[in-house]
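Quick note, the sequences are listed as chains G and P, same order. Under numbering that gives the first Met the number 0, the residues of the first sequence are numbered 0 to 283, in order. Under numbering that gives the first Met the number 0, the residues of the second sequence are numbered 0 to 283, in order.
Just so you know, these hints were derived from the structure itself, not from any lab. A portion of the hints provided could be inaccurate.
Pairs count within a copy or across copies, as identical chains cannot be separated in the list.
Claimed, not checked - Only pairs whose alpha carbons sit at most 27 Å apart, straight line, appear in this in silico BS3-like list of lysine-lysine:
hint : residue 1 : residue 2
1    : Lys273    : Lys259
2    : Lys237    : Lys169
3    : Lys230    : Lys210
4    : Lys237    : Lys128
5    : Lys210    : Lys90
6    : Lys210    : Lys259
7    : Lys127    : Lys169
8    : Lys147    : Lys132
9    : Lys150    : Lys132
10   : Lys210    : Lys237
11   : Lys237    : Lys127
12   : Lys237    : Lys132
13   : Lys85     : Lys127
Number of protein chains: 2
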Amino acid sequence: MATTMITKLDEKNLSVAFLGPRGTYSQAAVIEHFGSTCELLECAGIEDVFAAVEEHYADFGVVPVENSTEGAINNTQDCLLHSSLKIIGEKIVSIEHNLLANQEADGSKIDTIASHQQSLAQCRHWLKKHYPKARQIECASNAEAALKAQKDSRIAAVAGLLAATIYDLKIVHASIQDQDHNSTRFLVLARQGTAATGNDKTSVLIHTENKPGALFRILQPFEKFQVSLSKIETRPSKQEAWEYVFFIDFEGHIQDQAIKELFAQLQQCTAEIKVLGSYPAAFN
Amino acid sequence: MATTMITKLDEKNLSVAFLGPRGTYSQAAVIEHFGSTCELLECAGIEDVFAAVEEHYADFGVVPVENSTEGAINNTQDCLLHSSLKIIGEKIVSIEHNLLANQEADGSKIDTIASHQQSLAQCRHWLKKHYPKARQIECASNAEAALKAQKDSRIAAVAGLLAATIYDLKIVHASIQDQDHNSTRFLVLARQGTAATGNDKTSVLIHTENKPGALFRILQPFEKFQVSLSKIETRPSKQEAWEYVFFIDFEGHIQDQAIKELFAQLQQCTAEIKVLGSYPAAFN
Numbered sequence: 000m001a002t003t004m005i006t007k008l009d010e011k012n013l014s015v016a017f018l019g020p021r022g023t024y025s026q027a028a029v030i031e032h033f034g035s036t037c038e039l040l041e042c043a044g045i046e047d048v049f050a051a052v053e054e055h056y057a058d059f060g061v062v063p064v065e066n067s068t069e070g071a072i073n074n075t076q077d078c079l080l081h082s083s084l085k086i087i088g089e090k091i092v093s094i095e096h097n098l099l100a101n102q103e104a105d106g107s108k109i110d111t112i113a114s115h116q117q118s119l120a121q122c123r124h125w126l127k128k129h130y131p132k133a134r135q136i137e138c139a140s141n142a143e144a145a146l147k148a149q150k151d152s153r154i155a156a157v158a159g160l161l162a163a164t165i166y167d168l169k170i171v172h173a174s175i176q177d178q179d180h181n182s183t184r185f186l187v188l189a190r191q192g193t194a195a196t197g198n199d200k201t202s203v204l205i206h207t208e209n210k211p212g213a214l215f216r217i218l219q220p221f222e223k224f225q226v227s228l229s230k231i232e233t234r235p236s237k238q239e240a241w242e243y244v245f246f247i248d249f250e251g252h253i254q255d256q257a258i259k260e261l262f263a264q265l266q267q268c269t270a271e272i273k274v275l276g277s278y279p280a281a282f283n
Numbered sequence: 000m001a002t003t004m005i006t007k008l009d010e011k012n013l014s015v016a017f018l019g020p021r022g023t024y025s026q027a028a029v030i031e032h033f034g035s036t037c038e039l040l041e042c043a044g045i046e047d048v049f050a051a052v053e054e055h056y057a058d059f060g061v062v063p064v065e066n067s068t069e070g071a072i073n074n075t076q077d078c079l080l081h082s083s084l085k086i087i088g089e090k091i092v093s094i095e096h097n098l099l100a101n102q103e104a105d106g107s108k109i110d111t112i113a114s115h116q117q118s119l120a121q122c123r124h125w126l127k128k129h130y131p132k133a134r135q136i137e138c139a140s141n142a143e144a145a146l147k148a149q150k151d152s153r154i155a156a157v158a159g160l161l162a163a164t165i166y167d168l169k170i171v172h173a174s175i176q177d178q179d180h181n182s183t184r185f186l187v188l189a190r191q192g193t194a195a196t197g198n199d200k201t202s203v204l205i206h207t208e209n210k211p212g213a214l215f216r217i218l219q220p221f222e223k224f225q226v227s228l229s230k231i232e233t234r235p236s237k238q239e240a241w242e243y244v245f246f247i248d249f250e251g252h253i254q255d256q257a258i259k260e261l262f263a264q265l266q267q268c269t270a271e272i273k274v275l276g277s278y279p280a281a282f283n
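Using the sequences plus the hints, can you model the full thing?
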């Protein structure tokens, strides 16, 4: 792989690393954010997307961070713990799952359902009702499941329309997800941060002191400066068992005066604070 | 399945539902908590453990809730959202993963590694270093992976020693987890709560008002009454996209006077608060 330079005048040359193979919702997010003319770099895992951008194989990376029904994508959060990359944008993609099978398949003879574990979870009730006896296979991605369905007419895949097109599958049942409003939020990653737009949010990672009331003291400055939190997530610190770090999203850009004052106070009550990025908010 | 009555005088008759098949860490947790003489009811999924206790097929249920490296078990948290069961205990089990293969297997010829997705994640670096080219298969449980290894000498399973014994597998490599102190916390569930012991913790589920500062206002009463939080987790509410509920663990029993006063204040600043249980703390 060769390093691609960012050439702002010719956006067609932008290269974007994403969680492959082709046909996943990650690719749909890339197309929605960058258009269909960018150069795509498929990666086998979320860690590889981070590495591709860190090591200049790609200009940008796109990774899923959260699903509106199933919650956080732990692997992405764990990569953010150690990565030097900055979040420069977010993209929300509506997830519409379909039951896909190859052109020869007979819906009533399907005995195996393949998909990513989160997608199976998002269709749990539908699958239990319509395919109670089918064996479920967890795959690394929806696209890998689509590939399995392509090769074996007893296997159906739970995946999006892009996968149906790419792997030449037919739609046995459309829109099978349990929740109507099911979306996944993706992060856009780059090696450099991005300037304030006036409608931004900031993501930070906070290691607290391991003392009672630590979380309360973190939230006090937000209350004082009336900065609205849009999100808080806990993850294991990975340094000590049963110690946690907090991922916090809030309104505002790190260059805003109010946010600078907030930070000055936060630094006094946290063991460590890492700015993951300030970027235009998809919604607040 | 017949309903088993709780007979306190004869603990051998207690029946315990757990995430099967046999040989999982869940079974190890059951043995550590209830001893080896209780009646075991293997369940295919975490939902089924809840259902078995709710519908009187078993007296108790044991489900994993959190791993010290990989974090919360989302499925268990989502079941707690709607279940009427009470948490009556917690059990922490050290997770020691091993690479297991059948007796005929040759370590150098293994081309596939099977395990539960969380176990694969917990050995991510070790597997990348020692088996970089091996295909990874995600299974519903470590025991299912052990069964695959039993049938095919090119497949190795990542699982605990109990699985090696039950499925007659040999240990190709012992103790392959990335973190030294890797443990999983299990919850013990029953239809009725349990009395205060003086060293208890309480788990609650809180739906906040969807207003700025909601989390801060929840934490204020804890600060006021100096009640120590041991845990806070966010999960999607499942009612509205991008709305969250909080799972909070804190020191004390719901029957303690101080906790009753805390609750009176919490009820004023939350949309809904559900007590999941008060139970003896394994640690604080």
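Structure versus earlier hints, numbers of those that do not hold, lowest first: Number 2 only.
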